[in-house]
Amino acid sequence: FSPAQLHRHMLSQQRPALLLCIMLALMTGLGIYRWWWHISTPTQELRRALGNEEFIPYLQPIIDSRNQAYHGCEVLMRWQHRRQGLIRRISSFPLAEESGLIVPMTRSLMQQVSGTLAPHVRHTAHRFSLRLQHLRPPLPGSQPDR
2 FSPAQLHRHM
12 LSQQRPALLL
22 CIMLALMTGL
32 GIYRWWWHIS
42 TPTQELRRAL
52 GNEEFIPYLQ
62 PIIDSRNQAY
72 HGCEVLMRWQ
82 HRRQGLIRRI
92 SSFPLAEESG
102 LIVPMTRSLM
112 QQVSGTLAPH
122 VRHTAHRFSL
132 RLQHLRPPLP
142 GSQPDR
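In case it helps, the working numbering puts the sequence shown at residues 2 to 147.
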């Protein structure tokens with residue numbers, strides 16, 4: 002057999018196996034491509050969590066240590082992550098600020114809190130207030146509260 006004849010003979014005999022190998026290679030490539038695009042960047046993960054309403058408010062009471070009187074509460078943001086569970090300290094705040102997601106995250110939290118507290122407004126002397134000092138950027142060299 003010449004090399005050309007051998008090649009034709011192999012193709013005619015092994016065509017189904019060759020087609021199967023090509024199909025498996027294409028399917029594997031497609032699977033890897035789809036898997037690769039499902040890996041998200043930290044910003045994409047924050048955006049996904051915001052869309053799924055995974056950022057939830059926790060109300061921490063403010064108590065006067067002198068007389069143990071209740072003076073209101075502070076709203077803390079927690080992340081109910083789909084895989085990791087409850088994340089108490091969100092280390093992604095700088096990323097959220099840089100990406101512009103901190104504003105929609107804050108709005109979402111405010112909507113949730115107002116919806117939760119609205120039925121109780123008539124039963125309390127406390128009012129909801131927003132301190133603008135928390136909205137300004139921290140001074141250079143200072144550690145912002147997170």
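Source of the hints: derived by calculation from the structure; they are not laboratory data.
Because the structure is a prediction, the values reported are computed rather than measured.
Accuracy of the hints is not assured; some may be wrong.
To be verified - Label-pair ranges, simulated between beta-carbon atoms:
id, residue 1, residue 2, range
1, V76, M24, 50 to 56 Å
2, S66, F94, 36 to 42 Å
3, E98, P120, 31 to 37 Å
4, S66, T125, 34 to 40 Å
5, T117, L21, 33 to 39 Å
6, R84, S3, 32 to 38 Å
7, P105, R16, 40 to 46 Å
8, P17, Q81, 48 to 54 Å
Glycine residues also receive a C-beta, built at the ideal position from the N, C-alpha and C atoms.
Status of the hints after comparison with the structure:
Taken as a hint, the range 50 to 56 Å holds for the pair V76 and M24, whose Cβ atoms sit roughly 55 Å apart. Taking 36 to 42 Å as the suggested C-beta distance range, the pair S66 and F94 does not conform, at roughly 28 Å. Range check, E98 to P120: Cβ separation about 32 Å, and the 31 to 37 Å hint holds. As the Cβ distance of S66 to T125 is approximately 21 Å, the hint placing it in 34 to 40 Å is violated.
Range check, T117 to L21: about 58 Å between beta-carbon atoms, so the 33 to 39 Å window is missed. Range check, R84 to S3: Cβ separation about 60 Å, and the 32 to 38 Å hint is violated. Separated by about 56 Å at the C-beta atoms, P105 and R16 break the suggested range of 40 to 46 Å. P17 and Q81 have their C-beta atoms about 51 Å apart, which keeps the hinted 48 to 54 Å range intact.
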